[in-house]
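Number of protein chains: 2
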Amino acid sequence: MTAIHPVILCGGSGTRLWPLSRKAMPKPFLPLVGEETLFQQALRRVAGDARFAPPMVVAGAEHGDLIAAGLGDTPGARLVVEPCARNTAPAIALAAALLPTDAVMLVCPSDHHIADADAFRAAALAATGLARQDYLVSFGIAADRPETGYGYLERGEPLEGGYAIRRFVEKPDLATAQAYLASGNFSWNGGIFAFRAGHLLAELAAYRPEMARLVAEAVAGGHDEGVRFHPAADPFAAIAGDSIDYAVMENTARAAMVPVDMGWSDIGNWAALVDALADTADAAGNVVRGGSVDLADCTGVLALTDGPRISAVGLEDVCIIVSGDEVLVTTRAGAQLVGKLPGAVKQ
Amino acid sequence: MTAIHPVILCGGSGTRLWPLSRKAMPKPFLPLVGEETLFQQALRRVAGDARFAPPMVVAGAEHGDLIAAGLGDTPGARLVVEPCARNTAPAIALAAALLPTDAVMLVCPSDHHIADADAFRAAALAATGLARQDYLVSFGIAADRPETGYGYLERGEPLEGGYAIRRFVEKPDLATAQAYLASGNFSWNGGIFAFRAGHLLAELAAYRPEMARLVAEAVAGGHDEGVRFHPAADPFAAIAGDSIDYAVMENTARAAMVPVDMGWSDIGNWAALVDALADTADAAGNVVRGGSVDLADCTGVLALTDGPRISAVGLEDVCIIVSGDEVLVTTRAGAQLVGKLPGAVKQ
Numbered sequence: 002m003t004a005i006h007p008v009i010l011c012g013g014s015g016t017r018l019w020p021l022s023r024k025a026m027p028k029p030f031l032p033l034v035g036e037e038t039l040f041q042q043a044l045r046r047v048a049g050d051a052r053f054a055p056p057m058v059v060a061g062a063e064h065g066d067l068i069a070a071g072l073g074d075t076p077g078a079r080l081v082v083e084p085c086a087r088n089t090a091p092a093i094a095l096a097a098a099l100l101p102t103d104a105v106m107l108v109c110p111s112d113h114h115i116a117d118a119d120a121f122r123a124a125a126l127a128a129t130g131l132a133r134q135d136y137l138v139s140f141g142i143a144a145d146r147p148e149t150g151y152g153y154l155e156r157g158e159p160l161e162g163g164y165a166i167r168r169f170v171e172k173p174d175l176a177t178a179q180a181y182l183a184s185g186n187f188s189w190n191g192g193i194f195a196f197r198a199g200h201l202l203a204e205l206a207a208y209r210p211e212m213a214r215l216v217a218e219a220v221a222g223g224h225d226e227g228v229r230f231h232p233a234a235d236p237f238a239a240i241a242g243d244s245i246d247y248a249v250m251e252n253t254a255r256a257a258m259v260p261v262d263m264g265w266s267d268i269g270n271w272a273a274l275v276d277a278l279a280d281t282a283d284a285a286g287n288v289v290r291g292g293s294v295d296l297a298d299c300t301g302v303l304a305l306t307d308g309p310r311i312s313a314v315g316l317e318d319v320c321i322i323v324s325g326d327e328v329l330v331t332t333r334a335g336a337q338l339v340g341k342l343p344g345a346v347k348q
Numbered sequence: 002m003t004a005i006h007p008v009i010l011c012g013g014s015g016t017r018l019w020p021l022s023r024k025a026m027p028k029p030f031l032p033l034v035g036e037e038t039l040f041q042q043a044l045r046r047v048a049g050d051a052r053f054a055p056p057m058v059v060a061g062a063e064h065g066d067l068i069a070a071g072l073g074d075t076p077g078a079r080l081v082v083e084p085c086a087r088n089t090a091p092a093i094a095l096a097a098a099l100l101p102t103d104a105v106m107l108v109c110p111s112d113h114h115i116a117d118a119d120a121f122r123a124a125a126l127a128a129t130g131l132a133r134q135d136y137l138v139s140f141g142i143a144a145d146r147p148e149t150g151y152g153y154l155e156r157g158e159p160l161e162g163g164y165a166i167r168r169f170v171e172k173p174d175l176a177t178a179q180a181y182l183a184s185g186n187f188s189w190n191g192g193i194f195a196f197r198a199g200h201l202l203a204e205l206a207a208y209r210p211e212m213a214r215l216v217a218e219a220v221a222g223g224h225d226e227g228v229r230f231h232p233a234a235d236p237f238a239a240i241a242g243d244s245i246d247y248a249v250m251e252n253t254a255r256a257a258m259v260p261v262d263m264g265w266s267d268i269g270n271w272a273a274l275v276d277a278l279a280d281t282a283d284a285a286g287n288v289v290r291g292g293s294v295d296l297a298d299c300t301g302v303l304a305l306t307d308g309p310r311i312s313a314v315g316l317e318d319v320c321i322i323v324s325g326d327e328v329l330v331t332t333r334a335g336a337q338l339v340g341k342l343p344g345a346v347k348q
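In the order they appear, the protein sequences are chains A and B. Numbering follows our numbering, in which position 34 of the first sequence is assigned residue number 35; successive positions increment by one, without gaps. Numbering follows our numbering, in which position 277 of the second sequence is assigned residue number 278; successive positions increment by one, without gaps.
Since the hints were made in silico from the structure, they are not lab data. Some hints could be false.
Since the list can't tell identical chains apart, any single copy or any two copies may satisfy a pair.
Here are the simulated EDC-like cross-link-like pairs (lysine to aspartate or glutamate), alpha carbons at most 20 Å apart as the crow flies [unchecked claim]:
no.: 1; residue 1: 347; residue 2: 295
no.: 2; residue 1: 172; residue 2: 251
no.: 3; residue 1: 341; residue 2: 298
no.: 4; residue 1: 341; residue 2: 295
no.: 5; residue 1: 172; residue 2: 155
no.: 6; residue 1: 172; residue 2: 318
no.: 7; residue 1: 341; residue 2: 326
no.: 8; residue 1: 347; residue 2: 326
With the hints as constraints, model all of the structure from the sequences given.
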């Protein structure tokens, strides 16, 4: 059996973890949970396991050095340098065009946290089985709350190792999300996919022919530079960007999902980070990262500093982030709004 | 009629406004309310008014330069440099020993905010009248809440321009403070005093003879240096420090008070500063001091920074102070505990 080809996406600038996450240092390159960055954790999940081929990373040129540092001496790793950001469908198609047509690719965002790597790998194997039967597979993340910020997958008929996808639902309202959670038939769409490279390209050609043509042109006109591959900039820039969900997954007749419960979090805001760090919290639920922090009469506080001391008194469910010349203080509930703050917007 | 001699005390290091107030830069030298420091405001209250003589400032050597900067070219001002901190009674006695024996001295702490300077001056005149009748006079600050952190004065029989003091009460418990407030017979002891210099020294000699002897010795052995007077260090250091309340006011048979309602605040913690700055608050009750501050969905927030931007979301009645390499975040209720934080204690 041939290996699974991990394709690790390092796109997006991210503002909701501002001021720690910035354009120059986006979420994948931050050691948010544990000592390693999320990107390093994404690499580690598929490393040292013969079932996985060396990773292919797709990222913007501005993060090339961060990627190279994260890759270290990972043998066989390749880096595909996006000339510009065009959303996930072109990024994934680039990788597909560079892989053998029968290779099963496992597309992994690098800005998520996955607590249970074994569950992740087991789901990857199940997804691979479906991909070899010409399914386009999405991981269906076990939903544990009526989240309104995610897309949902509804399960259809059972398949070997998974389910057909009955439908995709974009961010639902709260009542709908509550109904989904109660039904048990809906999972979160976590943006993790498996498909044969050639199959993905064929489906893209069917539903987004212009995109498929421009990706092929960008690859044909590209050049290697050590482990880096540089697609031709002009055709890639000419692509009308789109997500893989819109461009392919919601159109194909062969959409499948594998259910997985793996302690997943997209760490979409500071409150989510507190949850992801729950096992490092003290008895009062406080989480401290970074240097000197003194908390008095605090519960559920996240205090994270890159230098200055944080002292806090009497707070409940508040996140305090000190990074560079920015100090952010937000309630858990307010964390959703951080990306709209002037500091986050005007980076 | 001879002038009133202002004696401005600049003692105390203060930890409850940490991290803004520090040993090297205590509260009197901070521009907490308005553009001027509290010390400059204390000077201004008795400046440009022929009823007041030039000020005499009593302060520690470590703050000599701050005092000199604050005094500017105030004509006739003098600075008495305490060799070490020995509480208020020795500091006041030093000043008394340097003034004409019949001079009425008006002792003013410099770490308080007084919104209504006219009311202050009117009370000073009333107190002076009583002082000339050989009363030792304390300002009785109108109490507007059952504060448990202050000392109280109970009014006795009426005098011309004030009242005798029936008794002094140290920080009462809440029920007692509430009863005081309801009775209308109690005022806060704000640490502002008026007495004839010679009378104060005579009373001190009666109740604290050793302190009076050592102060006289320190003055006799002292020397001038421009506008500065340096008492002899050894006798002053030998004094057992005490407050003027304990040493004299609570012992004398001639204690009087003048009631005054002058928008007084000792700015004893960050919550008190929010109150003192209420007229600068926005419609949501937020007060911003210093540079760049962005507040979203905040009410009753104080945000004060000496440089880094503060961004805050969803907070209610929280104070955020960024000063040097310290970031303090405290609820209003928690502000009382700030002085006990490791950062404040270990300065």
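Evaluated hints:
Taking the closest pair of Cα atoms, residue 347 and residue 295 come within 20 Å of each other only across two copies (12 Å); inside a single copy the shortest separation is 31 Å, beyond that limit. In this assembly of identical chains, residue 172 and residue 251 lie within 20 Å of each other by CA distance solely inside one copy; the values are 14 Å within and 71 Å between copies. Only between protomers do residue 341 and residue 298 lie at most 20 Å apart by alpha-carbon distance; the minimum there is 12 Å, versus 30 Å within a single protomer. In this homomeric assembly, residue 341 and residue 295 come within 20 Å of each other (Cα to Cα) only across copies, at 11 Å, whereas the closest approach inside a single copy is 29 Å.
Taking identical chains as interchangeable, the C-alpha atoms of residue 172 and residue 155 lie at most 20 Å apart only when both belong to the same chain, with a minimum of 13 Å there against 66 Å between chains. Taking the closest pair of Cα atoms, residue 172 and residue 318 never come within 20 Å of each other, the shortest separation being 25 Å inside a single copy and 33 Å across copies. In this assembly of identical chains, residue 341 and residue 326 lie within 20 Å of each other by CA distance solely inside one copy; the values are 18 Å within and 27 Å between copies. Taking identical chains as interchangeable, the C-alpha atoms of residue 347 and residue 326 lie at most 20 Å apart only when both belong to the same chain, with a minimum of 14 Å there against 25 Å between chains.
The structure fails hint 6 only (numbered hints given earlier).
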